[in-house]
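Quick one: dock chain against chain with the hints and give me the complex.
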Amino acid sequence: MTRVAPLPHHEQDLATGGGALAVANVIDRTVGFACRAVILLTGIALLAILTANVVARYVLESGGFRFAQELPERLFPWFIMAGVALAVQKGGHMGVESVLSRLSRNGARIMLLVGFAIIIASYAVLAWEALGVADIVSIEKSPVLGLSSSYSYYALALGCAAVILTTFALALRVALIGPEALPTPDPEETGI
Amino acid sequence: MSIILVIVFTALMLLAIPVGHALVIAAGATLAWQGELPLMIVAQQMYQQTQSFPMLALPFFMMAGSLMLGGKLGHELLSFATKSMQRWRGGPLSTTVVASVVFGGVSGSAVANASALGSVLIPWQKRQGYPAGLCAANNATSAVIDILIPPSIPLILYSLVSGVSIADLFTAGILPGILMAGGFILTCSWIARRRGIHSEDPSVGRMELLKLAVLSAPALLMPILILLGLRFGIATPTEISVLAVVYALGLSALFYRDLTWQRFHHSLIESGIATGVVMLVIMGSAIVGWILTFDQVPTRFAEWVTATISNPLLVILAMNILLLIVGMPLDLPPAILLLGPIFVPLAATIGLDPVQLGLIMVLNLGIGLYTPPIGTTLFISSSIARSTLAETTRELWPFFGVAMLVLLAISYIPALTIY
Numbered sequence: 001m002t003r004v005a006p007l008p009h010h011e012q013d014l015a016t017g018g019g020a021l022a023v024a025n026v027i028d029r030t031v032g033f034a035c036r037a038v039i040l041l042t043g044i045a046l047l048a049i050l051t052a053n054v055v056a057r058y059v060l061e062s063g064g065f066r067f068a069q070e071l072p073e074r075l076f077p078w079f080i081m082a083g084v085a086l087a088v089q090k091g092g093h094m095g096v097e098s099v100l101s102r103l104s105r106n107g108a109r110i111m112l113l114v115g116f117a118i119i120i121a122s123y124a125v126l127a128w129e130a131l132g133v134a135d136i137v138s139i140e141k142s143p144v145l146g147l148s149s150s151y152s153y154y155a156l157a158l159g160c161a162a163v164i165l166t167t168f169a170l171a172l173r174v175a176l177i178g179p180e181a182l183p184t185p186d187p188e189e190t191g192i
Numbered sequence: 001m002s003i004i005l006v007i008v009f010t011a012l013m014l015l016a017i018p019v020g021h022a023l024v025i026a027a028g029a030t031l032a033w034q035g036e037l038p039l040m041i042v043a044q045q046m047y048q049q050t051q052s053f054p055m056l057a058l059p060f061f062m063m064a065g066s067l068m069l070g071g072k073l074g075h076e077l078l079s080f081a082t083k084s085m086q087r088w089r090g091g092p093l094s095t096t097v098v099a100s101v102v103f104g105g106v107s108g109s110a111v112a113n114a115s116a117l118g119s120v121l122i123p124w125q126k127r128q129g130y131p132a133g134l135c136a137a138n139n140a141t142s143a144v145i146d147i148l149i150p151p152s153i154p155l156i157l158y159s160l161v162s163g164v165s166i167a168d169l170f171t172a173g174i175l176p177g178i179l180m181a182g183g184f185i186l187t188c189s190w191i192a193r194r195r196g197i198h199s200e201d202p203s204v205g206r207m208e209l210l211k212l213a214v215l216s217a218p219a220l221l222m223p224i225l226i227l228l229g230l231r232f233g234i235a236t237p238t239e240i241s242v243l244a245v246v247y248a249l250g251l252s253a254l255f256y257r258d259l260t261w262q263r264f265h266h267s268l269i270e271s272g273i274a275t276g277v278v279m280l281v282i283m284g285s286a287i288v289g290w291i292l293t294f295d296q297v298p299t300r301f302a303e304w305v306t307a308t309i310s311n312p313l314l315v316i317l318a319m320n321i322l323l324l325i326v327g328m329p330l331d332l333p334p335a336i337l338l339l340g341p342i343f344v345p346l347a348a349t350i351g352l353d354p355v356q357l358g359l360i361m362v363l364n365l366g367i368g369l370y371t372p373p374i375g376t377t378l379f380i381s382s383s384i385a386r387s388t389l390a391e392t393t394r395e396l397w398p399f400f401g402v403a404m405l406v407l408l409a410i411s412y413i414p415a416l417t418i419y
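These protein sequence lines are chains A and B, in that order. Letter 124 of the first sequence, counting from 1, is numbered 124 in this note's numbering, and no numbers are missing. Letter 17 of the second sequence, counting from 1, is numbered 17 in this note's numbering, and no numbers are missing.
Keep in mind that the hints were calculated from the coordinates and are not lab data. Quick reminder that beta carbons are idealized off the backbone N, C-alpha and C, glycines included. It cannot be assumed that every hint is accurate.
Unchecked claim - To be clear about the criterion: a stretch of chain B counts as covered by chain A if any three or more of its residues have a C-beta under 8 angstroms from a C-beta of chain A, and this derived list gives those stretches:
#1 21-33
#2 47-56
#3 214-227
Claimed, not checked - Over the 12 angstroms line for every Cβ pair with chain B, so calculated as not near, a few chain A residues:
#4 19
#5 23
#6 60
#7 62
#8 64
#9 66
#10 69
#11 95
#12 118
#13 139
#14 146
#15 180
To be verified - So, partial list: chain A residues that the calculated Cβ filter (under 7 angstroms) puts toward chain B:
#16 50
#17 52
#18 55
#19 83
#20 96
#21 99
#22 156
#23 177
Next up, chain B with everything else stripped away, as it sits in the complex (with noise of 0.2 angstroms):
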């Protein structure tokens, strides 16, 4: 039955048909193909998934995202990213990764963090004397940071595959995250020395930069909240994620006096949009997992892989290397909920802690959405930039490297994820 799955699955997808169509049409088709199965599976699976508790949070994080970066604080943040790296060398383009972090602990989504600060930052670095390749580089791959800092809309869909606490993988994706964040800052600073180019605007002094500060606070303070909120059970994930949204409401309606009906409709409608979206993979992969295990596929791929390579750290080496080829033309969401339920009965075979799996799958998957030549951010932060595919990707390598080598080290280091 897999295989019949695999075969309409891949040509569903060469017809361009979306990715959650394509699951929910390539299980139905098999099941029908299979003949002794019902096909009101199909449904059953669907409904099952509306039925995840944890999976409500989804919809809400989105919306606390959109609520308070598409208001005056996401203003007051660029704001603070901007002018607190305005003075090292290099510092425009470090701004575009600093902004990644401080967005990345509102909203849990790569591509909208790409699009929104790609959007205002590329044009300023263009201005300041950065190629346009460099800075879609540097802006397709800093996005992806936003995913590893807490929320992050893929660690709670591995969370819905694997088991894990929502509150172990968004602490793990800490460290991380802010290696991450490291590596690119020097990076743009080499980058920035290597050309001689300086930046034409005035640094500012400390007291503006601490006004800055104090504007931006209540958006740096959220992913902390997030998590003293799950780690002191002060309530459950769902509950955090509305919240989230109730915290937003209340900046925007008194700190920041811009709240109006128009920005709250536009965020839940665009919510419930982007959770239509990440909901139908999840229905259509849950499909689709129930004939894999009905196959006993998770189970035999372990057998197998256990048997062909001995050492761990070698099948640890397979898995990142099937994920960044499976995350080049497969997003993430799909990803996660396909391979997650045959990696993790794997990484209990080798001893490997599915909190650090699921940083791996995340970050692995992440790559892949700026491995040319396919990837979401890579495109999106080329058409900003209007810099052509080759041009980002010449420039995308020093990039690429350094989120290897944090791959690298979060893949046989456990100390960077589990603590």
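Next comes chain A alone, as it looks inside the complex (with noise of 0.2 angstroms):
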């Protein structure tokens, strides 16, 4: 469904895109450290609260950890939304292509441009919808550690700017190379 070619080395971007390529590698760069972190220590905080969980269910009498399902549903936000910008960035988001693919490179180009203006601006109002959302449940408190439910809100608005950042990369790259700039995806990483 989706082409296509490696993403150009750093020395071959600075050859044949310059500056903006530069740029479009920093951001990628940059938000995929961040969307890794994430993952990795929310996915091993949810691993080992579960898990711990189910043992002390059979071990205490008070029957498992009264946080295990609050703690869980509180960082489930920030795994989910580092995973959807790291998609973004590895082409993990699948769509229908038959048009793209009927089209000429420069027309091809100018459709994901297109796509990518039209993603942009959406997540940016997302966002910002998201951070109203979170001021106003800012005072719902999770019944045991207190936790407040902006947290999951911030999560979503997070998000939301790294998919900005990484489409806004995924573009410098199209509009400067072409649609083969597009990333290949992996079928593990497609959850189907």
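What follows is the structure in structure tokens.
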């Protein structure tokens, strides 16, 4: 469904596309590092909490930890949104490309750029709305740990910001190199 | 509102915007166009999906599969499937089918299965004299068995929209999965016999086969352990998925001794990305579902269908045809999440069990993964086999026929899915 070539190396970028591609690389490296760190930290925490809770249910008289449901619910949005942004970078989100594949190289480039512009504008609005809701629900606290519901909306807003940045980096590459700059998705990461 | 939603969504899809993004943007644009409902609904609906405790099972089932198949265990499983089928006519082709069943008990993704098995088995099958198109067709169709054998990601998604227990769905998937595998093995044998293709590899002794079975046993046991854990209420589906990761980590560290930080890191990041892909679709579908429910589309659709088609058997046939058509351009997760809320009330009005409906939906949409001219496993398999789409499609029809027979059987024989 998606095509095609590996992302160019930093040196090649500088030779062919100059500073704009260097910016795209910096964005990708920064967002990629942050998202990987979030996935690792939240993933390990979720794994540890849920495993410990199953063990505790059969060992402790209290029947498990009282926070074992609400803490994962607060961590999971961060894990998800980091995955969403990283999937944009790696071409994991699948689309129907039957029209795109029939266009000329320039036509495909323009169509992709229009799509990227729509995504960036929409996620900017979504991030703004998520921050608005985060403000409203800041008084809602979880019963055991007293964690505010805002944290999950911040994950949504920051995830949207990461999607915007990554899509912008993709748009720079497609504008300067062409549609072949789209990343090739790994089948293991499509989730189907 | 729903008409605007459909128009905007279709336009975004034609612009090659990924399905997850298209769902979110189309729903937001529809609310903005309507003007009276706040856009905050989009953020709230997305947030609510991230608070679903059962959905935490998704990343951990994916991670367990990745951990188990990425190491020596994956190699042992493949050896077991290869050697056990070698002695039979069409054995090399049937290996893909058997491997899909055993890999299906560990992984839950058809596309990952098509890629992982195809890259190893297709070059070997071609060396045995099987045409590239046939190897690709066999790989594309067999990979879909994976989503019927527990743990299955599409069945978890269906449980989200239908409210049916994951344990019931996992149990219901076993018999259709075995039926499909049996049908495909007979097809492989028939094709090999008709074309006079013989395997050149010597068959293995029983002792060697037994040794391979013992080495593969930990993975072969996993679907059984998952079902037992769910059936006897030892843990929730989410906890079972976490225990599956612990089991995979333990096996890898202590039994196969191939656990490294790199493998752990890779599996977790991979499952994080796959979760991001699936969850974005879930979040987008939730907003779309909210708009459709606001417009009372599911209820009106159910009323219209039951008023138009009075015979429940014809309603089931119509559902199958619609699912096959939708399954061609649309991937499994969005199709389940969008059509599930519409079909579940319809099934209730005609007396179709929601568990049976779940299997009908997943199998139909699974067939869509290899139905020409669009199909993810079809493209992946053809690309690995280096066959053209036309060559693969020509070889596809016997497998497609078997899949349709199994689909008809589970659509009209409830005993195959409800027991």
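At a threshold of 7 angstroms, is the proposed contact between residue 50 (chain A) and chain B supported by beta-carbon distances? Holds: closest Cβ of chain B sits about 4 angstroms from residue 50 (chain A), inside 7 angstroms.
Given residue 99 (chain A) as an interface hint, is the shortest Cβ-Cβ distance to chain B below 7 angstroms? 5 angstroms, holds
Checking hints one by one. Is residue 177 (chain A) an interface residue toward chain B, by the C-beta closer than 7 angstroms rule? 17 angstroms, violated
Chain A over the segment 47-56 of chain B, status - at least 3 residues with CB closer than 8 angstroms: As far as the segment 47-56 of chain B goes, the hint holds, because 6 residues have Cβ atoms under 8 angstroms from chain A.
Non-interface label on residue 118 (chain A), tested against every C-beta of chain B at 12 angstroms: 6 angstroms, violated
Reported absence of residue 62 (chain A) from the contact zone with chain B (all CB gaps over 12 angstroms): Holds, since 17 angstroms exceeds 12 angstroms.
According to the definition I'm using, a residue is off the interface if its beta carbon is farther than 12 angstroms from all beta carbons of the partner; does residue 180 (chain A) meet that for chain B? 14 angstroms, holds
Least C-beta distance between residue 139 (chain A) and chain B, which was stated to exceed 12 angstroms: 16 angstroms, holds
Please verify that hint: residue 96 (chain A), Cβ, nearest Cβ of chain B, below 7 angstroms or not. Constraint on residue 96 (chain A) satisfied, holds at 5 angstroms.
Confirm or reject: residue 23 (chain A) is not an interface residue toward chain B, with every Cβ-Cβ distance exceeding 12 angstroms. 23 angstroms, holds
Would the least Cβ to Cβ distance between residue 64 (chain A) and chain B come out above 12 angstroms? About 10 angstroms separates residue 64 (chain A) from the closest Cβ of chain B, which leaves it inside 12 angstroms; violated.
Confirm or reject: residue 69 (chain A) is not an interface residue toward chain B, with every Cβ-Cβ distance exceeding 12 angstroms. 6 angstroms, violated
Violation of the numbered hints given earlier is confined to hints 3, 8, 10, 11, 12, 17, 18 and 23; the remaining hints are satisfied by the structure.
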